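*Asks:* Residue numbers (this note's numbering), protein chains in the order written: chain F, 1 to 296; chain U, 1 to 690.
Since the hints were derived computationally from the structure, they do not count as laboratory data.
Treat the hints with caution; some may be incorrect.
Derived CB-CB ranges, DEER-like [unchecked claim]:
#1 U/23 with F/226: 18 to 26 angstroms
#2 F/239 with U/674: 26 to 34 angstroms
#3 F/271 with U/679: 28 to 36 angstroms
#4 F/214 with U/23: 51 to 59 angstroms
#5 F/119 with U/48: 22 to 30 angstroms
#6 U/51 with F/260: 27 to 35 angstroms
#7 F/214 with U/1: 57 to 65 angstroms
#8 U/23 with F/271: 42 to 50 angstroms
#9 F/217 with U/77: 53 to 61 angstroms
#10 U/45 with F/142: 51 to 59 angstroms
#11 F/232 with U/48: 16 to 24 angstroms
These numbers come from a predicted model, not from an experiment.
We treat Cβ as the ideally placed atom computed from N, Cα and C, and that holds for glycine.
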Amino acid sequence: MELLDAKTLSRLAGARLRARALMEGVLSGLHKSPHQGQSVEFAEHKEYAPGDELRHLDWKAYGKFDRYYVKRFEHETNLRGYLLVDASGSMGFSSHALSKLEVAKALAGALAYLLVRQQDAAGLAVMTGGQVAELPARAAAGHLNALFSRLEPLAPAGGADLVAAADLLAERAGNRSFVAVFSDLLDERGEGLKRVLQLRARKHDVAVFHLVDPAELSFPYDDPTLFLSMEGDGRLEVNPREIRESFLEEFNAFLEATRRACAEADVGYERVLTDAPLDPVLLRFIAGRTRRRGQR
Amino acid sequence: MTFAHPWMLLGTLAALIPLLVHLFDRRRPRPVPFAALSFVLRSQRRTASRLKLRRLLVYLLRTLLLLVIPLALARPEWAAEAAAGTQGRGPAATAIVVDGSLSMRYADGKPLFERALARARDVLARLSPEEPATVMVCTREAAAPPPAAFDRARLRTLLDDGKASYGASELNRCLEQALRALDDSPLPARRLVVVSDFTQGALRLEAPAPTWKDTAGHVLRPEFQLEDVARGVKLANRAVVDLKVAPAVQVGPRAFQFTFTVRNFSDAPAKDVQATLKLADTVVTKGFLDLPAQGTAQKTLTWNFPEGGSFTGEVALAPDALAEDDRRPFTLEVPRELHALVVNGQPNPTRYRDEAFFVDAALTAQGSPVREALRDVDAAFREDLSAYDEVFLLNVPAPPPEAAERLQQFVERGGGLFISVGDQVDPDAWNAALGALLPRPMRVVRTAATREEQGAESRAERLAQYDDRHPLLSPFLGEAREGLLSARFYKYLLLEAAGPGEVQVLANYRDGAPALVAARKGKGRVLLFTSTADRDWSDFAIRTSFLPLMHRAAAWLAGSLDEREALRGRVGEVLTLSPEAAQNAAAVASPSGATVPAQRQENGAVLLGPFTEPGLHAVLNAAGKPVPVVLEGSESDLSRPTDAQLAAWFGEASVKAAAAAAGPSRVPLWTWLLVSASLAFFLEGLLLRK
C-alpha cells in the first residue's frame, strides 16, 4: 500500500501510469474484501428446472406460491459512469508532491480502469477555463485510450463551472448513472455543489471526491504574504499570523458544510488529502458504495 | 521634575523606533499563489477592525515601553515647588551661597554638589527681575562674591565654574561675605540662600549669625532660605582616619605593617568591609574588617618588600558614597641592604669583652638590613673600602697616613664613618691623622667615676638632652626616652669647642659635653660617639636603646634615613620646610597637576601650601620624594545638627520651610515607570499571543 502514497505516485509520470498503479493496488485490496462477487444484481425469477443452481432457490417465493423459483442475476453491463474532473486554476495548487489536479486525474483514471474492467461504460467531463468538455461514455476497452488522452494533458486553467457541468450530465447521462466528481469545490458562485447534489434526485449514483491540500488545513504561513488568486488577477496582502485562526475556522466550516450537504443528499463523500495514500480512499469509497447499494 | 542621570534621556529617542519601522519597513511580502483565496479574503474582512485595533495597541505599547525604560533609568523625581514658604515675601537683595566643602562630594547616584548647583540655578531662575543677586561657591580658598547685580548670565557662569573642594568650607565666613556683597542694594530686604548638606562641619553654630544695618542704623537679620540637598537625611559614611607604618621585623628585614584606623560615621554597623594595600596602583594585599556603628576599628596589613627603595602607595577601603576619604596615601623608604665594615680596635677572646661584640650583635640582629664584615685593625686597613657603604671604627688606634687618606676619600665620596672611642684612642694621634674627618678635634678623656668605687653609679655621667627632631634620634620619644637617658657613662672623651665645617651635636652629657656628634664631610657623613661601644667606659651597650640606635646610625650614615621622610601634609595646611628640606621639596605639584604655592622666608625656610587636594603630591625636582597629603578628618563626619540648633541660628521659619521642601515634595517616579514598563511588556506579549 505504501507504494501508492502521493510521493510514490508523483514519481510515476503521467495520469495513465498513476491510475493503473492505483487500480492494481485497489484490486489487490479488493481480493481480500468480503464483498467480492457483488458485481452482479438480481434480474428476474424463473421457474425451477433440473440443472439450476439450488443455492439460487428463492425460499420466500416458495412460501408464497408453493412453487420453486430460482433467482436469476445479470451483470451490470448497462452501468454508465461519468467522471467529472475539475481542472480549474485552483486545482493546480500544491504544497506537497502532487497538485490537486494530479491527484484528481489519478483517481479518475483508476476509476475509469475499474469501470471498463467491469465492462461498464466510462465517460469523462472536464471543467477547465470556464468551459465543460465531454467525452461520451463507452464500455469498449479501447475507450480507455481516448479517455486517458483527454485526462493526460489536462492543465489547471481558469474557473470551474460546476453548474454547467452538472446540467450537462443531467442532460447526457441516462437513468441510474454513476457520477464521480473530482473537485476542490472552491466555486465562486457556491451553486455548483447544489446542482451536483441535485443529480442524486434524478436517481444517479453520485460520489464527490473533495480534494484538499494540507496547506489549506494548517495555513502554514508566517511572514507577511501576498496571496495570488489561481483563477484570476486577485491578490491580497495579509499577515497570515493575524488571520490564521479565522481562516482555519472558515475553512473547516466549509468542509463540514460540504460533508453535511452530501450526507443529507445521500451522496457519497470522500475528502482526499493530496499528501495521503490514495488507494485507501478508493477502497473506502468502493466499500461504502457497495454497502449503500445493499441497503437500497 | 529632576533627573539623577539626565543623559539617559537620550534613550527616549528609541521610542521613535516603532514609528520609523512602521514608516520605512517596506519589505516586499512573499508572493504565494493560493487556492482558497476567498477564505483568506473573508477572514481578513472578518478580523480587519479587530486587527487594526490590536496593531494600534501593540504599537502604542511598544512605544510606551521604549519611552519608559530610558526615562526610568534617568531616575526622575518629582520635585514640588520647593521653599514655597519663602517665596512671595517681597523683593529682596539675594545672595546664593553654595557649600563647596568635601562632604558635598558625597555621591549617592549624583554628587550633592551637582544637585546643589542645580538647586542654585533653580533659585536664580525664580528670582524676580527687580531682585539684585550674587552667587558664591563657598570653599576655604573662595574669594568674596561680586556685588549684587542684575546680570544673571554672569552668575550662571559662576555656578557653572564652581567646583567642590577637598576641605571644609567655612560657611560662616562665606555668609558674612555674601551679606556684605548685598550692601549696595537699595532694596529694604536681604536674603541669603544657603545651599548645603548642613552637616556638622559645615557651620560653626556657636558663632553668631551674620547681621546687617539698614539706613536707619538698625541691626537686622537677613532672611535665610535653606536649600538642603541632603533632604534632611543623615548621610552614612566611613573613612580612614589614621595610618601608621612600622617595620615588621618578625616577618622579614624589609617587612612593614600598615596599621590604619577606620571610623564608621553611620548608625549601622558594617561587616566585611574590604581594605586593600596598594603600591603604585597595584593591590598587593587585602583584608576585611568589621565596623561597629559610630565606632572605629583598626586593621593591620603586612607586606614584605622584596627589595629596598622608595615606595608610594595607599591603603584604601571599598569606596562608599564619599570615596575621597576612603583612602590614605603614604610614602615609604624601605631600607636597602647596607654593607658595613666593622673594625675591632680591641679584640678579646672572651666574647662579651670584645670591643665589637655589642655592635656586631646589634648590626646582625634579626630584621637588620646591614651585611657586616668584622675585621681587626691590620686587616681592615688593607680592605678595599669601595665595597662598603659605611665603616665602624670601634676603639681603633689612629690609622697610618695611607689608611687615613683612604678613609678620607671614602667619606668624601659618600661613605659613612662611625667612630667610637676607648683606651686605644690617642686624641692627639687621631687629630693628627684624621683631623679633617672628625666633626670636632678630640681633647682629653674625662673620667666621671671609677666603676669599682662605691657610689660610682650615681656619679657616672648620663645623657641630659638629645635632638629628637633629628631622624637618628626621632624614635626615642615617650617611653623610649628612658632607654637612652638611663645609660651610665663612666668615661668619655671631651671634644674641642669648635671644629671645621657644619657640626650637629645630637646628644649631650649632663655636664654639657657632647656625647654624639654628626657632621657631613663631602658627600659622606661622620658620626662620633665619645664613649665606648662596649662596656669598658659605659653600660650603654646593654641598654634597650643601643640596638635601635645602632640600626638608625647604620641607616643614617648610608643616607637611608632622611630628613624628608617626615614631610607629609593635610588638606588646608601650610607646611614650613627647613632650609635643608626645602632644597628637595620647594616645588610641589598636586595630583591634578596644579602647583602648590611655595613662599621662601628670610631664614631660608619655605612655606609650602596650602594644600587643596589629597593624594600624593609630586615633587618637581628630581631629588624629592612625593609628599602624601591627607584629608581633614572633620569633613568625613556627615552627622547633622538638630533642627533646633539650626532654627536657633537661621530662624525657625527658614528651617521649617526647608524641612517641608525636603520632605515629601520629592517623589521618585522611576519605580512607577518600571512597573508600567513591565505592564506594557506583559500586555504586548498577551496581544501578540492572541
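*Asks:* Each hint needs a verdict: does it hold in this structure or not?
*Replies:* Verification of the supplied hints:
1. At about 20 angstroms, the beta-carbon gap between residue 23 of chain U and residue 226 of chain F stays in the expected band of 18 to 26 angstroms.
2. Separated by about 31 angstroms at the C-beta atoms, residue 239 of chain F and residue 674 of chain U satisfy the suggested range of 26 to 34 angstroms.
3. Look at residue 271 of chain F against residue 679 of chain U: about 46 angstroms separates their beta carbons, and that is not inside 28 to 36 angstroms.
4. Separated by about 38 angstroms at the C-beta atoms, residue 214 of chain F and residue 23 of chain U break the suggested range of 51 to 59 angstroms.
5. In this structure the hint that residue 119 of chain F and residue 48 of chain U lie 22 to 30 angstroms apart at CB is violated, the actual value being about 57 angstroms.
6. Separation of residue 51 of chain U from residue 260 of chain F is about 30 angstroms and conforms to the stated range, judged on CB atoms against 27 to 35 angstroms.
7. For the pair residue 214 of chain F and residue 1 of chain U, the supplied restraint of 57 to 65 angstroms holds, since their beta-carbon distance comes to about 58 angstroms.
8. A hinted range of 42 to 50 angstroms holds for the C-beta pair residue 23 of chain U and residue 271 of chain F, which are about 46 angstroms apart.
9. Range check, residue 217 of chain F to residue 77 of chain U: Cβ separation about 58 angstroms, and the 53 to 61 angstroms hint holds.
10. Between residue 45 of chain U and residue 142 of chain F the Cβ separation comes to about 52 angstroms, which falls inside the hinted range of 51 to 59 angstroms.
11. Taken as a hint, the range 16 to 24 angstroms holds for the pair residue 232 of chain F and residue 48 of chain U, whose Cβ atoms sit roughly 22 angstroms apart.
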